[in-house]
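Undergrad: Residue numbers (my numbering), protein chains in the order written: chain B, 101 to 518; chain L, 101 to 518.
For the record, the hints were derived by calculation from the structure and aren't laboratory data.
Among the hints, a few may not be true.
All copies of an identical chain are treated as equivalent in the list; a pair is satisfied when it fits inside any one copy or across any two copies.
To be verified - The calculated lysine-lysine pairs, modelled on DSBU-like cross-linking and capped at a C-alpha distance of 30 Å, are:
#  : residue 1 : residue 2
1  : Lys106    : Lys310
2  : Lys287    : Lys180
3  : Lys347    : Lys485
4  : Lys485    : Lys242
5  : Lys485    : Lys281
6  : Lys281    : Lys180
7  : Lys281    : Lys106
8  : Lys372    : Lys485
9  : Lys347    : Lys242
10 : Lys180    : Lys347
11 : Lys464    : Lys485
12 : Lys180    : Lys485
13 : Lys372    : Lys464
14 : Lys485    : Lys310
15 : Lys106    : Lys347
16 : Lys242    : Lys372
17 : Lys180    : Lys310
Number of protein chains: 2
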Amino acid sequence: MLTALKGNILEALSPDILGVHPNSYLVLENGAVVGIYPDLPENMAEASVEDYGDALILQSFADMHLHGPQYEFMGTGMDKPLLQWLESYAFPTEERYADPAYARDHYRILAEDLIRNGTTRVAMFSSLHTDSTLILMEELEKAGVTGYVGKVNMDRNAPPYLCETTEESEQETLRWLEASKAFTLVKPILTPRFAPSCTERLLAFLGRLKAERDLPVQSHLSENLGEIALVGELFPDCRQYWEVYDKYGLFDGRTLMAHCVHSDERERAAMKLRGVHPVHCASSNNSLMSGISPVAQMLREGQSVCLGSDVSGGTTLSMLRTMANSICAAKDRGSMMQDTAQVISIEQAYYMATSAGQSFMGYKTGFTAGERLHAVVLDDTGLPKLPNITLRERLIRAVYRLDDRHIRAVYSEGVRRL
Amino acid sequence: MLTALKGNILEALSPDILGVHPNSYLVLENGAVVGIYPDLPENMAEASVEDYGDALILQSFADMHLHGPQYEFMGTGMDKPLLQWLESYAFPTEERYADPAYARDHYRILAEDLIRNGTTRVAMFSSLHTDSTLILMEELEKAGVTGYVGKVNMDRNAPPYLCETTEESEQETLRWLEASKAFTLVKPILTPRFAPSCTERLLAFLGRLKAERDLPVQSHLSENLGEIALVGELFPDCRQYWEVYDKYGLFDGRTLMAHCVHSDERERAAMKLRGVHPVHCASSNNSLMSGISPVAQMLREGQSVCLGSDVSGGTTLSMLRTMANSICAAKDRGSMMQDTAQVISIEQAYYMATSAGQSFMGYKTGFTAGERLHAVVLDDTGLPKLPNITLRERLIRAVYRLDDRHIRAVYSEGVRRL
């Protein structure tokens, strides 16, 4: 069955190239992209057209780092330093997700809010609770959110009510992986919370599991200076933070590493060599004063940087706002260093918010033929009409001015979900 | 006539003290504040009560620096440096305000959007066009926005289509001041655009006018390094930027100076001595990469810092977002300097967004008895209920998460406007 979306189509073809198709047709066959055409080709004339007029049709968003159980307290505790924030907000809240009914109620809201904000792909941390993690996967899949969810592993340096024994962590991980087979759109991703929260035995177990089952992995890397010092103490045989993950086979092309704020040249070179995907989390880096990531530099080095809202160290679920926050953080870094080379472009922000995540998940970038449609229709037609404004300029404006009110439609896996 | 608003009342009593009145009555007599009471006193029992339930009742916002004619292109050109941005966006748009009908249409929208966002006090730049400036004042007054509007003076260093002769500028200023007498809520404020756009003769004229008629004044100060260098060239007899304004009597307790990003110790000491009010514009300082203002330092020095959206170097009209942007900018400065003393508190952000502007306008801070009510009702009851969350924490969360959708009522000069 042929269908088509008509509007102003914008693709993130590369970190530097925005594909611009004014007033064009995005043609689909059974939900998969056929191509983009200025006019509907004759042999596709029977396609049923959804005409979005002068609205913008973008790739939908990929939020490559967020914590599901933290969503409910987003925006609170933002005046606390990291440790106090974890103890007062993050950990006590995560504990409540031991209760599957509580988890169900909250994860349903999260899944719906993701779609409402145009996010159709995620890489998300759950809590350590297996059953609630499965509920999160189910609720995401029901709402049309695709991607990866991880049951968190923590067998040390966690509050007693959120700490597993190594055996429990291993067994529950296996049980969770088995039960995850029920899902088709949401897949499991191994999730050692971060190096300090896992014993070497647990990391070794996860590394073996990754190798045996070809699983992806997500964790945190070089988020703040205190954490880096702690890793140094806990793993004295590793010269740098990344080497802990690398030692256990958890550092390759199927790995997402959140933050990387303080990754120096050597650590960044290791990421590049291994094909690790850094996830830039501008909002939480700001809130928790972790530092400002050298994201422009990482992009210049050819790192495949993704964006993460990092709810709820981050203060917004909106990837539009997350793009704006990323641009703002880069400018602040540039201002303080008096170095305009720190700035990132709208092309780079849009690519990191969409195609970079697609790419991690094994999909082609942009709206590539054969891929099932993931798209969002952004209606900026209520904003002032400006003479000679380009579509690129409308994308910049959208990032600063639009929110979920302006998201008119969301497509995930070829299906309209909003 | 006695009336009362019931809800959780939050006052900005000083930059460090938040007045917190859970579930209380804000009693008014003919729109003027009588007091805040945990229970309705017996002798006020006849007051008709507007019950806002569990919502937050805040002072409404004072946006102490924005450019009326720039609102329409807010969010565009944010990837351009200052000069190119002025030439491509700001100046060509301002030119259109030569047409009073065009101005009327656009200023009506701006005035309504201000109220919708809870801003009831402003200090605003118009363009150089006298008639359109009067239209702006009229539209603000109609919508219930109070404060100051200035016809801009520019007799050099401006594009030809936006440059007055000195005589024109003087005569039109006098004509505008005369016609401004028609307004009661919106008052004129002298507005040399910035030192480089005015000849010394024009500055001297404005200084005399200020003294003769006891008028307030607003301008820009030390926004970016290029501008500071230009001032040095144009006014070789002035050692520092502020001395230009000071030389002509435009630098005292009735003066607003926008930005002050690069004001050093000496310039800040002069502001403090004269009682000049700096206006912090975090969003545009970021967008145009002017730098990050040392606002925490200025507050420590006892400067009466106000906040400005600086539409449209700034990307938002919302003062909630402007507060968030101010907190974020201070954290970015702190991160880059590894100095937590750069951070500002929610108390400081809220004070700068409300009471500081009230104070400049000659009103008492907070909800003081005798002052006509300026208030906004923020309904955060749709956000997750968190156990033991304090009203202060709800204010922090509101700044990050709420927008005009959550503004349930707005009062200006004792009258409900939304």
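Undergrad: Determine for every hint whether it applies to the structure shown.
TA: Here's how the hints hold up against the structure:
Taking the shortest Cα distances, lysine 106 and lysine 310 never come within 30 Å of each other, neither inside one copy (42 Å) nor across copies (58 Å). Taking the shortest Cα distances, lysine 287 and lysine 180 never come within 30 Å of each other, neither inside one copy (34 Å) nor across copies (42 Å). In this assembly of identical chains, lysine 347 and lysine 485 lie within 30 Å of each other by CA distance neither inside one copy nor across copies; the values are 56 Å within and 43 Å between. Within a single copy, lysine 485 and lysine 242 get their C-alpha atoms only as close as 38 Å, which misses the 30 Å cut-off; across copies the closest is 25 Å, which meets it.
Taking the shortest Cα distances, lysine 485 and lysine 281 never come within 30 Å of each other, neither inside one copy (50 Å) nor across copies (34 Å). Taking the shortest alpha-carbon separations for lysine 281 and lysine 180, neither the intra-copy value of 39 Å nor the inter-copy value of 49 Å comes in at or below 30 Å. Taking identical chains as interchangeable, the C-alpha atoms of lysine 281 and lysine 106 are never at most 30 Å apart, the minima being 37 Å within one chain and 53 Å between chains. Proximity of lysine 372 and lysine 485 under a CA criterion of 30 Å is satisfied in neither setting, with 43 Å inside one chain copy and 43 Å between copies.
Neither within a single protomer nor between protomers do lysine 347 and lysine 242 lie at most 30 Å apart by alpha-carbon distance, with minima of 37 Å and 69 Å respectively. Taking identical chains as interchangeable, the C-alpha atoms of lysine 180 and lysine 347 are never at most 30 Å apart, the minima being 33 Å within one chain and 45 Å between chains. In this homomeric assembly, lysine 464 and lysine 485 never come within 30 Å of each other (Cα to Cα): the closest approach is 34 Å inside a single copy and 41 Å across copies. In this homomeric assembly, lysine 180 and lysine 485 come within 30 Å of each other (Cα to Cα) only across copies, at 20 Å, whereas the closest approach inside a single copy is 42 Å.
Taking the closest pair of Cα atoms, lysine 372 and lysine 464 come within 30 Å of each other only inside a single copy of the chain (20 Å); across copies the shortest separation is 58 Å, beyond that limit. Neither within a single protomer nor between protomers do lysine 485 and lysine 310 lie at most 30 Å apart by alpha-carbon distance, with minima of 52 Å and 39 Å respectively. For the identical chains of this complex, lysine 106 and lysine 347 are neighbours neither inside a copy (50 Å) nor across copies (61 Å), given an alpha-carbon limit of 30 Å. In this assembly of identical chains, lysine 242 and lysine 372 lie within 30 Å of each other by CA distance neither inside one copy nor across copies; the values are 35 Å within and 60 Å between.
Proximity of lysine 180 and lysine 310 under a CA criterion of 30 Å is satisfied in neither setting, with 36 Å inside one chain copy and 46 Å between copies.
In summary, the structure is inconsistent with hints 1, 2, 3, 5, 6, 7, 8, 9, 10, 11, 14, 15, 16, 17 from the numbered list given earlier, while agreeing with the others.
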